[in-house]
Amino acid sequence: MIRFENVKKTYDDGFEALKMINLEIKEGELTVLIGPSGCGKSTLMKHINRLNNPTSGKIYIRDKDISSIDPVELRRSIGYVIQNVGLFPHMNIAKNVAVVPKLLKWDKEVTTSKVDELLSMVNLDPDVYRNRYPSELSGGQQQRIGVIRALAADPDVILLDEPFSALDPISREQLQDELIRLQQELKKTIVFVTHDMDEAIKIADTIVLMKAGEVVQTGSPEHILRHPANEFVTSFIGKKHLTNDTLDPGMIVDDVMSVNPVTASPERGMAAAIQFMERHRVDSLIIVGKKRELLGYVSIFNVLQGYRHEDSRLADIMKPFVHVVESGSSVALALTLMNEHGLPYVPVVRDGQLVGLVTRGSVVRHMAEMYNPDDMSLEELTAEAEKLKEEAPLEPAEADQEGGGRT
Amino acid sequence: MMEWLSDYGSFLSSRQGDILIALREHIYISALSIILGAIVAIPVGIWLGGSRIGWLNSIIFTIANVLQTIPSLALLAILIPLLGIGRTPAVFALFLYSIMPIMRNTYSGFKAVDPNIIEAARGMGYSRLQRLLRVQLPLSFPYIMSGLRVTTVYIISWATLATLIGAGGLGQLIFSGMGVNKTELIVTGAILAVLLALAADFLLGLAEKWVTAKTRSAPASGTV
Numbered sequence: 001m002i003r004f005e006n007v008k009k010t011y012d013d014g015f016e017a018l019k020m021i022n023l024e025i026k027e028g029e030l031t032v033l034i035g036p037s038g039c040g041k042s043t044l045m046k047h048i049n050r051l052n053n054p055t056s057g058k059i060y061i062r063d064k065d066i067s068s069i070d071p072v073e074l075r076r077s078i079g080y081v082i083q084n085v086g087l088f089p090h091m092n093i094a095k096n097v098a099v100v101p102k103l104l105k106w107d108k109e110v111t112t113s114k115v116d117e118l119l120s121m122v123n124l125d126p127d128v129y130r131n132r133y134p135s136e137l138s139g140g141q142q143q144r145i146g147v148i149r150a151l152a153a154d155p156d157v158i159l160l161d162e163p164f165s166a167l168d169p170i171s172r173e174q175l176q177d178e179l180i181r182l183q184q185e186l187k188k189t190i191v192f193v194t195h196d197m198d199e200a201i202k203i204a205d206t207i208v209l210m211k212a213g214e215v216v217q218t219g220s221p222e223h224i225l226r227h228p229a230n231e232f233v234t235s236f237i238g239k240k241h242l243t244n245d246t247l248d249p250g251m252i253v254d255d256v257m258s259v260n261p262v263t264a265s266p267e268r269g270m271a272a273a274i275q276f277m278e279r280h281r282v283d284s285l286i287i288v289g290k291k292r293e294l295l296g297y298v299s300i301f302n303v304l305q306g307y308r309h310e311d312s313r314l315a316d317i318m319k320p321f322v323h324v325v326e327s328g329s330s331v332a333l334a335l336t337l338m339n340e341h342g343l344p345y346v347p348v349v350r351d352g353q354l355v356g357l358v359t360r361g362s363v364v365r366h367m368a369e370m371y372n373p374d375d376m377s378l379e380e381l382t383a384e385a386e387k388l389k390e391e392a393p394l395e396p397a398e399a400d401q402e403g404g405g406r407t
Numbered sequence: 001m002m003e004w005l006s007d008y009g010s011f012l013s014s015r016q017g018d019i020l021i022a023l024r025e026h027i028y029i030s031a032l033s034i035i036l037g038a039i040v041a042i043p044v045g046i047w048l049g050g051s052r053i054g055w056l057n058s059i060i061f062t063i064a065n066v067l068q069t070i071p072s073l074a075l076l077a078i079l080i081p082l083l084g085i086g087r088t089p090a091v092f093a094l095f096l097y098s099i100m101p102i103m104r105n106t107y108s109g110f111k112a113v114d115p116n117i118i119e120a121a122r123g124m125g126y127s128r129l130q131r132l133l134r135v136q137l138p139l140s141f142p143y144i145m146s147g148l149r150v151t152t153v154y155i156i157s158w159a160t161l162a163t164l165i166g167a168g169g170l171g172q173l174i175f176s177g178m179g180v181n182k183t184e185l186i187v188t189g190a191i192l193a194v195l196l197a198l199a200a201d202f203l204l205g206l207a208e209k210w211v212t213a214k215t216r217s218a219p220a221s222g223t224v
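Protein chains in written order, with my numbering: chain A, 1 to 407; chain B, 1 to 224.
Since the hints were derived computationally from the structure, they do not count as laboratory data.
In this text the structure is predicted, and so the values were computed from the model without any measurement.
Some hints could be false.
No farther apart than 35 Å at their CA atoms in a straight line, the calculated lysine-lysine pairs in the DSBU-like style are these [as the list claims (entries may be wrong)]:
#, chain 1, residue 1, chain 2, residue 2
1, A, 108, B, 111
2, A, 95, A, 114
3, A, 114, B, 182
4, A, 187, A, 108
5, A, 46, B, 209
6, A, 46, A, 58
7, B, 182, A, 95
8, A, 58, B, 209
9, A, 8, B, 111
10, B, 209, A, 211
11, A, 95, B, 209
12, A, 108, B, 209
13, A, 105, B, 209
14, A, 8, A, 46
15, A, 108, A, 64
16, B, 111, A, 105
17, A, 114, A, 8
18, B, 182, A, 102
19, A, 108, A, 19
20, A, 58, A, 211
21, A, 211, A, 290
22, A, 19, B, 111
Pairwise CB distance ranges, derived in the manner of DEER restraints [stated by the list, open to error]:
#, chain 1, residue 1, chain 2, residue 2, range
23, A, 13, B, 59, 52 to 60 Å
24, B, 205, A, 128, 28 to 36 Å
25, B, 115, A, 226, 56 to 64 Å
Note that beta-carbon positions come from the ideal geometry of N, C-alpha and C, so glycine has one too.
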């Protein structure tokens, strides 16, 4: 669909932004261009709508050399979304969405119904939002408008330049989900630039990984995760995405432990401990000293027993850990300990200091990130999840964890 | 006091004709200078706002700044050998004064448009002219208008000096009042100049609102 042939871009100051790019972007796919900042991913994308022109080489869309197309005409046939939304502050939402149809001189009624349809598609009630101005919308809503504005004239190709990176994590997730949903319906050829590997893995059909103006590796997220082409790819993907190591017996506890266990200081009283457990939805607390040295643990039952004495502290009732594992030990050791002794969790220590906690939850979560879930049937997955829920997880749910867990 | 007021009333009715002529001349001189100034300064400001030639910007702004600092009396005197006396040199001098503030505001307005918005416009297929007319101009319109309003107010006040080279206007009343020591004339000229400036500013404000509403070009949270 879009083909780069020997494309080079050299700036006036001699900087080589793109070195010999040969790349094919497939029709109907969501292709993510990713790489560290300055790698040329945005530059490459802007060649598609001729916001940049190559120093040498050719770019074809449907086998047509785009240097022969008038740039203004070309851009009207390609959707474009930028990071900072770029909605026109002096136009209301309906006019913003209708920008390209208007440039193409569409019939007014057709345009209006198209605008309403698009607004409904991203769950914004047309009657409410049509006449609002961009400044009256939240960041997430503005970028939804940015996306549907790019869809308005039904382009085959849509370019998105880090569209969600300025949003808060929750809006970003929502918009990614919506983009995936839209793409399933519309089957456009989408080129999406980002520097966020999680985002790329979540949304991409094909990932194009770039570095210093060159394409380092191209492939499906699965392929890149399983077979990173070189050191750079490995480091860019990040440790936690690497599936290759999943079944490696040498996997160590540090990979699977939860690094934010709920801890408390031994000086705390009972009431404080109860409230703390409640807030973090856990049934026991790990007691650590000022330097995070591991002292022991208390369970909710210990705390309730000690509750009568108003001046008792956690230090008085805590119990020492019988089993701990050193950081760097194998996961097998931790799992065997848990199995043999029926432990709900094992703390991981380094020089006597707590660095994390291996729980059934953390192991499963790690595996879920790593494993190709295709190996498991849905029933098995559901059953596993149910079992976990019953076992009152030690650490808080993912969302709570952000807030802390340390005292 | 009452006596003075009634005297002033009869003075007004006796000199009504002269006063109206002076007022009309004043409006004519000021309006013409500002319109000419806008015709020159707005396009230049727009052009400078979009140009990347730094040294050219500074040269043009330096020239405009220098023009601005020439004492008005001196400028009028300098123009006499070049353009003679009468309205032409007066309008020309006031025109020179009006360039700087209008140009400066237009330039700032264009510079203030978020580059992301321009990039989005470019990427969606606005031609250069469409970008100018549909995006940049509406967004910088409040700046341009504020430049015009400031300029109008002080051109109207400076136009009182135009009488010195025989251009007439409300200055005429003031200077002849000084000549024959007649306070009523001076007061009338001054008050009318003030009222004229206020009225012009008010009307331009209305025009700004009207255009804004017409094109819906107001950002919901007002600019400037």
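Tested hints:
At roughly 33 Å between alpha-carbon atoms, residue 108(A) and residue 111(B) fall within 35 Å of each other, so this suggested pair holds. Note on residue 95(A) and residue 114(A): the hinted pairing holds, with a Cα-Cα distance of about 12 Å set against a maximum of 35 Å. The straight-line distance between the Cα atoms of residue 114(A) and residue 182(B) is roughly 72 Å, outside the 35 Å bound, and the hint therefore fails. Of the supplied pair hints, the one linking residue 187(A) and residue 108(A) holds, its CA atoms being roughly 26 Å apart against a limit of 35 Å.
For the suggested pair residue 46(A) and residue 209(B), the alpha carbons sit about 39 Å apart, so the restraint of at most 35 Å is broken. For the suggested pair residue 46(A) and residue 58(A), the alpha carbons sit about 14 Å apart, so the restraint of at most 35 Å is met. For the suggested pair residue 182(B) and residue 95(A), the alpha carbons sit about 61 Å apart, so the restraint of at most 35 Å is broken. Note on residue 58(A) and residue 209(B): the hinted pairing is violated, with a Cα-Cα distance of about 50 Å set against a maximum of 35 Å.
The straight-line distance between the Cα atoms of residue 8(A) and residue 111(B) is roughly 32 Å, inside the 35 Å bound, and the hint therefore holds. This hinted pair does not check out: residue 209(B) and residue 211(A) have alpha carbons roughly 51 Å apart, beyond 35 Å. Proposed proximity of residue 95(A) and residue 209(B) is supported: the alpha carbons are some 20 Å apart, at most 35 Å. Pair hint residue 108(A) plus residue 209(B) holds up; C-alpha atoms about 27 Å apart against a cutoff of 35 Å.
Taken as a hint, the residue 105(A) and residue 209(B) pair is honoured in the structure, with Cα atoms around 29 Å apart against an allowance of 35 Å. Pair hint residue 8(A) plus residue 46(A) holds up; C-alpha atoms about 13 Å apart against a cutoff of 35 Å. Of the supplied pair hints, the one linking residue 108(A) and residue 64(A) holds, its CA atoms being roughly 31 Å apart against a limit of 35 Å. For the suggested pair residue 111(B) and residue 105(A), the alpha carbons sit about 30 Å apart, so the restraint of at most 35 Å is met.
For a cut-off of 35 Å, the pair hint linking residue 114(A) to residue 8(A) is broken: about 39 Å separates their Cα positions. Between residue 182(B) and residue 102(A) the CA atoms are separated by roughly 65 Å; this puts the pair beyond 35 Å, and the hint is violated. Only pairs whose Cα atoms come within 35 Å are accepted, and residue 108(A) paired with residue 19(A) is rejected, the gap being roughly 45 Å. Restraint check: the Cα-Cα separation between residue 58(A) and residue 211(A) comes to about 21 Å, which is no more than 35 Å; the hinted pair holds.
Straight-line distance between C-alpha atoms of residue 211(A) and residue 290(A) comes to about 43 Å, which puts the hinted pair past the 35 Å bound. For the given pair, residue 19(A) sits about 34 Å from residue 111(B) by alpha-carbon distance, which is consistent with the 35 Å threshold. Taken as a hint, the range 52 to 60 Å is violated for the pair residue 13(A) and residue 59(B), whose Cβ atoms sit roughly 25 Å apart. For residue 205(B) and residue 128(A), the Cβ-Cβ distance of about 32 Å falls inside the hinted range of 28 to 36 Å, so the restraint holds.
Taken as a hint, the range 56 to 64 Å is violated for the pair residue 115(B) and residue 226(A), whose Cβ atoms sit roughly 41 Å apart.
Hint violations for this structure: numbers 3, 5, 7, 8, 10, 17, 18, 19, 21, 23, 25, all remaining hints satisfied.
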